[in-house]
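Kindly produce the complete structure, drawing on both the sequences and the hints.
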Amino acid sequence: MAKNAHNKDLQVTHPETSHAHGEHHPELGFWRKYVFSTDHKVIGLQYGFTALFFLLFGFTLVMIMRWQLAYPGEALPLIGWLFSEESMPGGVMLPEFYNQLGAMHGTIMVFLGVVPLAVGAFGNYVIPLQIGAPDMAFPKLNMASYWAYFLGGVVMLGSFFVPAGAAKAGWTSYPPLANIETMGQTMWLLGMVFLITSSLLGAINFLTTIIQLRAEGLTFMRFPFFVWAQLITSFLLLLAFPPLEAAAILQLMDRLAGTSFFLPSGLVVSGQAMDITGGGSPLLWQHLFWFLAHPEVYVLILPAMGIVAEIIANNTRKPLWGYKAMVYSVIFLGFMSFIVWAHHMFITGMGTAISAFFQITTMIISIPSVIILSALFLSLWGGSIRFTTPMLFALGFLPMFGIGGLTGLPLGLAPTDIHLHDTYYVIGHFHYVVAPGTILALFAGIYYWYPKITGRSMNDLLGKIHFWGTIICMNFIFMPMFIQGLAGVSRRLYDGGQLYQFAQPVLKWNEVMSIAAWIMGLVQIVFIVNLFMSIRKGKKVTENPWEATTLEWSATSSPPLAHGNFQSIPRVYRGPYEYSVPGNSRDFAPQNEPEEKVPVA
Amino acid sequence: MDIPYTATARPDTGVYNAKVGIWLFLASEVMLFGGLFSAYIFLRIGAPAWPGMLGGQLYKTSFDVLNVPIGTFNTMILIASSVTIVMSWASLMMNDFKKYKRYMGLTILCGLAFLVVKAFEYNAKFSHGLFPADGNFLAIYFTLTGLHGLHVVGGIIVNSYFWGPGSKMWKTDPKRFTNRIEVAGLYWHFVDIVWIFLFPTIYLL
Amino acid sequence: MSDSAHAEDVKKHVRIYIAVFGALAALTVITVAVAYLHLSIVPALIVALFIAGIKGSLVAAYFMHLISEKKVIFALLIFTVIFLVVLFVLTISSYHDQIGGHIVP
Numbered sequence: 001m002a003k004n005a006h007n008k009d010l011q012v013t014h015p016e017t018s019h020a021h022g023e024h025h026p027e028l029g030f031w032r033k034y035v036f037s038t039d040h041k042v043i044g045l046q047y048g049f050t051a052l053f054f055l056l057f058g059f060t061l062v063m064i065m066r067w068q069l070a071y072p073g074e075a076l077p078l079i080g081w082l083f084s085e086e087s088m089p090g091g092v093m094l095p096e097f098y099n100q101l102g103a104m105h106g107t108i109m110v111f112l113g114v115v116p117l118a119v120g121a122f123g124n125y126v127i128p129l130q131i132g133a134p135d136m137a138f139p140k141l142n143m144a145s146y147w148a149y150f151l152g153g154v155v156m157l158g159s160f161f162v163p164a165g166a167a168k169a170g171w172t173s174y175p176p177l178a179n180i181e182t183m184g185q186t187m188w189l190l191g192m193v194f195l196i197t198s199s200l201l202g203a204i205n206f207l208t209t210i211i212q213l214r215a216e217g218l219t220f221m222r223f224p225f226f227v228w229a230q231l232i233t234s235f236l237l238l239l240a241f242p243p244l245e246a247a248a249i250l251q252l253m254d255r256l257a258g259t260s261f262f263l264p265s266g267l268v269v270s271g272q273a274m275d276i277t278g279g280g281s282p283l284l285w286q287h288l289f290w291f292l293a294h295p296e297v298y299v300l301i302l303p304a305m306g307i308v309a310e311i312i313a314n315n316t317r318k319p320l321w322g323y324k325a326m327v328y329s330v331i332f333l334g335f336m337s338f339i340v341w342a343h344h345m346f347i348t349g350m351g352t353a354i355s356a357f358f359q360i361t362t363m364i365i366s367i368p369s370v371i372i373l374s375a376l377f378l379s380l381w382g383g384s385i386r387f388t389t390p391m392l393f394a395l396g397f398l399p400m401f402g403i404g405g406l407t408g409l410p411l412g413l414a415p416t417d418i419h420l421h422d423t424y425y426v427i428g429h430f431h432y433v434v435a436p437g438t439i440l441a442l443f444a445g446i447y448y449w450y451p452k453i454t455g456r457s458m459n460d461l462l463g464k465i466h467f468w469g470t471i472i473c474m475n476f477i478f479m480p481m482f483i484q485g486l487a488g489v490s491r492r493l494y495d496g497g498q499l500y501q502f503a504q505p506v507l508k509w510n511e512v513m514s515i516a517a518w519i520m521g522l523v524q525i526v527f528i529v530n531l532f533m534s535i536r537k538g539k540k541v542t543e544n545p546w547e548a549t550t551l552e553w554s555a556t557s558s559p560p561l562a563h564g565n566f567q568s569i570p571r572v573y574r575g576p577y578e579y580s581v582p583g584n585s586r587d588f589a590p591q592n593e594p595e596e597k598v599p600v601a
Numbered sequence: 001m002d003i004p005y006t007a008t009a010r011p012d013t014g015v016y017n018a019k020v021g022i023w024l025f026l027a028s029e030v031m032l033f034g035g036l037f038s039a040y041i042f043l044r045i046g047a048p049a050w051p052g053m054l055g056g057q058l059y060k061t062s063f064d065v066l067n068v069p070i071g072t073f074n075t076m077i078l079i080a081s082s083v084t085i086v087m088s089w090a091s092l093m094m095n096d097f098k099k100y101k102r103y104m105g106l107t108i109l110c111g112l113a114f115l116v117v118k119a120f121e122y123n124a125k126f127s128h129g130l131f132p133a134d135g136n137f138l139a140i141y142f143t144l145t146g147l148h149g150l151h152v153v154g155g156i157i158v159n160s161y162f163w164g165p166g167s168k169m170w171k172t173d174p175k176r177f178t179n180r181i182e183v184a185g186l187y188w189h190f191v192d193i194v195w196i197f198l199f200p201t202i203y204l205l
Numbered sequence: 001m002s003d004s005a006h007a008e009d010v011k012k013h014v015r016i017y018i019a020v021f022g023a024l025a026a027l028t029v030i031t032v033a034v035a036y037l038h039l040s041i042v043p044a045l046i047v048a049l050f051i052a053g054i055k056g057s058l059v060a061a062y063f064m065h066l067i068s069e070k071k072v073i074f075a076l077l078i079f080t081v082i083f084l085v086v087l088f089v090l091t092i093s094s095y096h097d098q099i100g101g102h103i104v105p
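Residue numbers (the numbering used here), protein chains in the order written: chain H, 1 to 601; chain Y, 1 to 205; chain B, 1 to 105.
In case anyone wonders, no lab produced these hints; they're calculated from the structure.
Cβ pair distances, simulated, as ranges:
(1) H/79 <-> B/93: 48 to 56 angstroms
(2) B/41 <-> Y/67: 18 to 26 angstroms
(3) B/33 <-> H/413: 51 to 59 angstroms
(4) B/37 <-> Y/161: 41 to 49 angstroms
(5) Y/67 <-> H/500: 53 to 61 angstroms
(6) Y/150 <-> H/217: 38 to 46 angstroms
(7) H/328 <-> Y/45: 34 to 42 angstroms
(8) H/273 <-> Y/67: 32 to 40 angstroms
(9) Y/171 <-> H/586: 49 to 57 angstroms
(10) H/587 <-> B/71: 35 to 43 angstroms
(11) Y/98 <-> B/25: 22 to 30 angstroms
(12) B/67 <-> Y/56: 47 to 55 angstroms
DSS-like mimics (lysine-lysine), calculated; alpha carbons at most 30 angstroms apart, straight line:
(13) H/140 <-> B/71
(14) Y/175 <-> B/12
(15) Y/118 <-> Y/60
(16) Y/175 <-> B/70
(17) Y/99 <-> Y/168
(18) Y/101 <-> B/70
(19) B/11 <-> B/71
(20) B/12 <-> Y/98
(21) Y/168 <-> H/140
(22) B/12 <-> Y/99
(23) Y/60 <-> Y/125
(24) Y/99 <-> B/11
(25) H/140 <-> Y/175
(26) B/11 <-> Y/168
(27) B/70 <-> Y/99
(28) B/11 <-> B/70
(29) Y/171 <-> B/12
(30) B/11 <-> Y/171
(31) B/12 <-> Y/101
(32) B/11 <-> Y/101
(33) H/324 <-> B/70
(34) B/71 <-> Y/175
(35) Y/98 <-> B/11
(36) Y/101 <-> H/140
(37) H/540 <-> H/33
(38) H/140 <-> B/70
(39) H/140 <-> Y/171
(40) B/70 <-> Y/171
The C-beta atom is built at its ideal place from N, Cα and C for all residues, glycine as well.
What follows is the structure in structure tokens.
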């Protein structure tokens, strides 16, 4: 039987594989080593740099938009001349161009920035190290998923240069508007097909890796919380993305083959009846879109929670409070995230019964989120906290995500949502979750794992400047959005609400938000300098500078770039966060170290 | 250091890597076709008549639009190919490489035959002036069967690779090669299952 | 199947494969024959989906070896099935519960 055939030691277990493929890895050429690499660490870094580029690019788009919102109709200074006559004649933004920027900001930030960074980069680099695996389960698939993502990015960027520019129908691409859109929308759909393919391949790879390549002794309840978060995230990607792929295919058919999946009968556009058979349903798109896009919110937030949990346990020098409760919560959260999607659709004429159902599930899903957040807060209690740069970012995450989560409650209840829907309140809410929430956590992760990647640590002073600058500016950007939103200002206005009487008292905030956004852009320069400078100039550190317990820290720093992360395959003896165990000689007990002999008192 | 469990099963899960991978992939495929089927249901319950007006002509049942005998024939072909591919795997398990070649070859031929029949069906629609844009019934028919057809094409490419150049692995690593055939088979059976549901829901209802 | 499958087991399997093929072919004939009776939509739907369900299960159980598959595979599939049902049921029930009744497109 299979079980008996397997020796206990994993290395000796597979003589047949090591003989069949046991050729020594020859020194790979530049292209195979750094460009078309199949090594999870290189792919992780490729994801990381590409995603950081897109985050910066997406943020630049919004910085340009914020000029128009703060000073409507005035010529953009300094860089206005860069743009073509069709988008910004004389440096003054046209409404069509504003819509392009808005749609592409959302798309780029979510699908090309945060998800690839949180899942593609951190997942690829950290998961195999944290579970003691030599690489991902399917290295070639891993490379394919990065390049599919890259192509998707190229298509999305390319769409700015087609006639009439990029997609203008918002990141949600609601039909019928999206169906009558210009060519940029077709590019958007094609780009999405690439990105979805990339995410699906990645999710398959992560799940197989976590299930199959765990080190011996690493049972599920000994996983670091980060691995749990990525496991659930991959499940969400795997099962929620395909319906959007289906919807994208149907919208492509509508646009290219003239079908009417999403077009109702008797549609009139600019006073002209459209030449279609009709009989389709715009609501169908919304269902299929939000079936993905709500779980997508948790795809954005769960890896962030995972990173924060790692850093908090490490810097409080004590185990996470309620590890088991957190694990069960994250599983429940993933499950529930599939049955709340229509709370995005309360004002589509939804009946009371079905709307009651979605309100109830929405209230239920807040419970596991609150459990996780509370557990993280309680983990701080009585700890001797080290205020390192990653810890500052992780601590910043907690209240920011709290604000984001709590402001979501009124949106999950139909009566209040009817007033708040499509106002700046919604923008404020989800940006608090994703920007000061997820992005702070991602920065935390970069500072935290940087020593593992390079063998050097990032500059602490610059890191602290980056933290305080970012968190202060973020609050000045997003807090006023609640004020404007409660006043009823719509999120889609090209002039920021100038023409509306009721918006006048809150218009002054536009300038505040814009200036904060630009200052935050400047603060990021500090981060970019720190990131690149520390590769050569950073302080050299040992392989476990944070004195952490999880497996990645037992690998050598900047591990070798060809399948194989550890000197010998690690074996796991204990749970992930055994800090300050009474009686031990040190205040941390790495997972791969056998039980310390506790002297009998 | 090599990646473990490519050929043998991991003791505690009892499966090798690619099997977990292919089932995960199939899970996502279930959701992909699930999304399309839910679109079909959504549009159909909202339609006053089905198939209804197509290209200016009223059709009362799907029988009047689609050719049921040909669809039935194609169903049989696909079912037969499912048997041949599982037989090709069984042949490898019994160490009979020649038989494997024969059964895998038959599977590929069945796949091609399915596509040829499909092409004739499409052509018949086009020559009657029935295109995807002529009504939601046709839009559903062409999109769903078209996407299924693409899956068949993908399967044929993979199977041909394992029939031709990929079969060299039998000499160097027979266990892993047998696994590959099992995984290719799992995908092919899934494509068959999709058709098993597509055929009655589109052709017969 | 895991590595424990032996040549003898496989021979037994082959007989099962042939039997399943016969069942699938017969069920295809039946479902087409029933369709020619032109039942009204509800019974026709029930019969067609019931037969398709049996056929699909036969393929999954015997050709895809789900009947003797390991626990981990079922764990993955059970969630897929649940979320597939969720997608169908909630989408369709939102269609039926709209303010002002069904919006006929």
